[in-house]
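Number of protein chains: 4
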Amino acid sequence: MAGNTFGKIFKLNTFGESHGEAIGGVIDGCPAGLELDFEAIQNELNRRKPGQSEIVTQRKEPDVVEFLSGIFEGKTTGTPIGFLIKNANQKSKDYSHIKDVYRPSHADYTYDKKYGVRDYRGGGRSSARETACRVVAGAIAKQFISTIKINAYTSSVGDLFLEKPYQDLVFTNIESNAVRCPDDDVAEQMISKIKTIKKQGDTIGGTVTCVLQNVPIGLGEPVFDKLHAELGKAMLSINAVKGFEIGSGFCGARMLGSEHNDLFNADGTTKTNLSGGIQGGISNGMDIYFRVAFKPVATIIQKQSALDNSGNIVEMQGKGRHDPCVVPRAIPIVEAMAALVIADYFLLNKLTKI
Amino acid sequence: MAGNTFGKIFKLNTFGESHGEAIGGVIDGCPAGLELDFEAIQNELNRRKPGQSEIVTQRKEPDVVEFLSGIFEGKTTGTPIGFLIKNANQKSKDYSHIKDVYRPSHADYTYDKKYGVRDYRGGGRSSARETACRVVAGAIAKQFISTIKINAYTSSVGDLFLEKPYQDLVFTNIESNAVRCPDDDVAEQMISKIKTIKKQGDTIGGTVTCVLQNVPIGLGEPVFDKLHAELGKAMLSINAVKGFEIGSGFCGARMLGSEHNDLFNADGTTKTNLSGGIQGGISNGMDIYFRVAFKPVATIIQKQSALDNSGNIVEMQGKGRHDPCVVPRAIPIVEAMAALVIADYFLLNKLTKI
Amino acid sequence: MAGNTFGKIFKLNTFGESHGEAIGGVIDGCPAGLELDFEAIQNELNRRKPGQSEIVTQRKEPDVVEFLSGIFEGKTTGTPIGFLIKNANQKSKDYSHIKDVYRPSHADYTYDKKYGVRDYRGGGRSSARETACRVVAGAIAKQFISTIKINAYTSSVGDLFLEKPYQDLVFTNIESNAVRCPDDDVAEQMISKIKTIKKQGDTIGGTVTCVLQNVPIGLGEPVFDKLHAELGKAMLSINAVKGFEIGSGFCGARMLGSEHNDLFNADGTTKTNLSGGIQGGISNGMDIYFRVAFKPVATIIQKQSALDNSGNIVEMQGKGRHDPCVVPRAIPIVEAMAALVIADYFLLNKLTKI
Amino acid sequence: MAGNTFGKIFKLNTFGESHGEAIGGVIDGCPAGLELDFEAIQNELNRRKPGQSEIVTQRKEPDVVEFLSGIFEGKTTGTPIGFLIKNANQKSKDYSHIKDVYRPSHADYTYDKKYGVRDYRGGGRSSARETACRVVAGAIAKQFISTIKINAYTSSVGDLFLEKPYQDLVFTNIESNAVRCPDDDVAEQMISKIKTIKKQGDTIGGTVTCVLQNVPIGLGEPVFDKLHAELGKAMLSINAVKGFEIGSGFCGARMLGSEHNDLFNADGTTKTNLSGGIQGGISNGMDIYFRVAFKPVATIIQKQSALDNSGNIVEMQGKGRHDPCVVPRAIPIVEAMAALVIADYFLLNKLTKI
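Residue numbers (my numbering), protein chains in the order written: chain A, 2 to 355; chain B, 2 to 355; chain C, 2 to 355; chain D, 2 to 355.
If you are wondering where the hints come from, they were derived from the structure by calculation, not from laboratory data.
Where chains are identical, the list cannot tell them apart; a pair therefore holds if satisfied intra-copy or between any two copies.
With a straight-line cut-off of 35 angstroms between C-alpha atoms, the simulated DSBU-like cross-links for lysine-lysine are:
| id | residue 1 | residue 2 |
| --- | --- | --- |
| 1 | Lys87 | Lys150 |
| 2 | Lys150 | Lys351 |
| 3 | Lys272 | Lys196 |
| 4 | Lys114 | Lys61 |
| 5 | Lys194 | Lys61 |
| 6 | Lys354 | Lys304 |
| 7 | Lys114 | Lys354 |
| 8 | Lys272 | Lys194 |
| 9 | Lys9 | Lys87 |
| 10 | Lys199 | Lys165 |
| 11 | Lys76 | Lys304 |
| 12 | Lys9 | Lys150 |
| 13 | Lys199 | Lys304 |
| 14 | Lys76 | Lys354 |
| 15 | Lys100 | Lys351 |
| 16 | Lys9 | Lys114 |
| 17 | Lys320 | Lys87 |
| 18 | Lys354 | Lys9 |
| 19 | Lys272 | Lys200 |
| 20 | Lys165 | Lys194 |
Here the structure is a predicted model, which means the values were calculated and not measured.
Isolated chain A (complex conformation):
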């Protein structure tokens, strides 16, 4: 109920504040007998971690995952997988300057009003640091559904759009540049834009496109738990996300039915795929693709007015080493959440027929 659990069968329950001793989680419902590639898990964490390139935050966090249970002799045992990621710098900083201050467009104010108390150090539970736990679980989910290919990439930074459809992109290029855009020319422009923004002490938004290929037919539960509804929730639960569209998305709302309908081939595939691989909430075997909008990071290195908890408007200035654009580091998080949804619905779908 309290919002720290994701999934129905393949479940992730996370805990941890950004400056507590550790963050971590429990993965429950992962089937037994899955041989884990631990290097691949750590690699996903490394894709997310701070300090990996000059266009992301320069904080140093090793982000090493430790597994505590549920794995024996390299394989999952069907029992819950407990894991920890220690917080490296949790005692190193002085947060007294934000103790009584609500930063604009952060969760400081709402947490304080909701709970009457908050761990103000580095955003506490509302920090995007918690997404590291999602990446751990998503990395295991990816291994469980290894025949399904999940690729996310940066499709825009501010007004700079990657105009090519995903079919024209080479996904293996995604990791070849710091901004994780598979088109090198556009990537260069994006990187340059982010550097400029960073110099200004400002931040910028962007979008991530994610493509799921080789998804089996039949994933998704009708009515309230449609596959794209759950994908949408998964994405909207990531910090800074403001929008989600699947298939034709908002463009589809401008089209005619005669344009939009995906006509069948004799083998059940469709000639077009404006549906985005999902019909009636259930996957049809075509590629699933969706787009996620991220707002600019709220912490900027410029003077801004803020509110203190006595009702005074005060001036503050972000310190520290924050991301000028969250999108490059969001790529593995989007993939992880997609993997968690697919793994969960893959299991649910085993229960559909006698």
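Mind docking chains B, C and D on chain A? Use the hints.
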């Protein structure tokens, strides 16, 4: 698990196929002591029902709700509220022509593949008819959270956009025209466009904007169950929805942090509201507003190719009285789903502090 | 949350008061493709219904189940199965005499205190009438797990015990007498005892033993959702149940480990079965057997003191046609709840291994 | 789904094997603002831990709980409370002798059949070591519902019964002896019996009685989630439990209605309390009391036959330092599970009325 339940505390579990004997549901977790306005409930159903204007389907369905339990002497008793809406025409039609045919961009194919069996009459469970049950439950939820104002309206039909921000609109105008757009000039154009499309036997998409006002501070659960994540899931679960954005949405992804941050007033309100009334997944007391994209209805009255279940491409033509644009009838559904989310999170929020 | 749903995958959500228009429910998560035997379902309801013999209540309720959805051409479709049982006599009686009175050992007082309002007619939601819905769902569950044999029988009435172990009984005899005890001699004594009690206007308690045979190995989830924990909850949720024991039960608490341990045969079966077919919360393929204690029905046809809602002790006398002993009619309810648990855990167990 | 989570609102999700690196859990849904007494939490763990007296196992496990999140400046923050208990001796032993052997009346066989793999070291996940996590969460739950008094005690060891009703006992005596029986004479006999059994390398069962006092009226959800049904499930989920009875329990099944009904006093209390403080699944403000049956521990220090995973019957002998009687150490576990149920239902009950 099977996707027919919505909500955590204030829960709706629905059942029913479009051409079975009845559709209906169970509302569980509605607190005791709520005096119900039954006319208001039926009125919401009437806003959704077919045949209410010339731009919607001309099918006749009385859509009368019957309550079977959970209400005594006009008040909720805290026990489950069972209800039924009988299907008026369930035996009147011959569906043999679609028995073995998968219509393009419908759920026929995916249901058949997933379940190995389907009730092909009128779309069965995948028909939007099930949304009538959402409207019933949403109407009760609205009464439970009656201090919160929920207004949805048509903000675009195809390329025709209502450009005014919601603050410049008079919500009491929404019901004054058939397309449910509160600006009469734009409404007229939309209606005319839909009529043209209808004559062509085609359909067209559109968007709905929804505004929640007077929402208390503190609704929303952190991390996975952020308020806008649940609203997004609620909307994406409605038939034909392809996109959702909250606050600045996809536009926010083009902005700078220095533009996007909502600076505080001394009373905790904010000068701007690009966040859309939610910070860190928790309502901050400002208006919540979001936009929902609907694709064009898949049933068109034109010849189209379809697939039969023996793997042959066949020609088919939609018959019957379908909606040329789903958006006007979707307005009460969007409001209902918003009300269900808010009622649920309102209850959850009672458990936050000692 | 509100307590009207049972099961995780194979789920039953019920509604209805004893004197409302109807009771009913939604069965969600029943796999598609199950060919239903409707006569068998109605037969289970008939086993539970009032008026079937002279030792049970003489009320007349036809208890005919109507299915509204989720079934097409005789088979389940994987969508929710909505059903109704109309209340025959709901308007026939005058309940003003208990309107303001809390009957001893009924739920009148606690419902009123909890909800601030209650449907006082015939016990409302707290009436055992709701168990008819359990029987419907259980009957479908039985058909889903048809290879598993579920047999419950009356093992005691008051101090009259059926001393034989279940292995010495012929389960096909259970339905041969009104008290549902498979030993004819003991049955006769029980029937005679119940008749005497009935004449005195009194009621009497008893126990039900239930045996599950041919259960596959592996059902049950470790730690909190052990198979016997869920069976226990299922049984304790039945009206009037005060105790549950599995395998050796309370007798096991008097034994030594050297006596109690079930030694293995080479094929994995065990020489004894004091464990009751469950080890570590997981079925081991041996018979599962448990015993359920029912208190005497609270409604007696004798003068008793009661409390009114103004705080006065008043004299009252039960009227009407109540069961002198609930156990014979509880047999199909116990079986139904067992079937629901097993069907649910059978489905869950499909998700255990890759 | 996978059985490692308990509770609906106040939730505990545990992980960990007896000989992995650590066991631990996440407590989610504990309201914010609760000032924690850490000493009291550790004290509960100490009541459960091995080696505390000569009648329990002499293993050495410090069982120190470390909290990782959800607590700030001594108070709960409403975010999930992650915690760990490190396993002291996890690498110290050689388990190769049981690697391929299924011990009788343990979960070795069923885990292996269910999951196809198991962590055989010390019972892995099926070890009662996981109950330490329940005690941690239960200790926090106790502090949350601190006005409710929860007292469990040993009411029998083998055939040795504490015959006095709980009203005649002084609960502060419970901790005064090693067996946790509040009557010193009976306690002495029990201790002596356990010592004798231990010398024989055998084990013995027993029962625990638990009394909840000062419970508010209204806890419990009708129909499937009756308060005693959830208490029953909670208790039956504890390792070695075979039976549960509430109020009059199995004795109640031998009584007449005229004897069993609890007549009211004018203030709503009842003259007798055979119901055990619960009517219709909802607490009535009277004491809740129940009894839990524990079978004898399966590990005995005598030669026994076992099965190996090649289908051979082999001879084995339990080694190590096991409990001759589990009941004394089960007391804090029973209390913890009761506290978790009550805390959860206390929160749920806040949502009952408008």
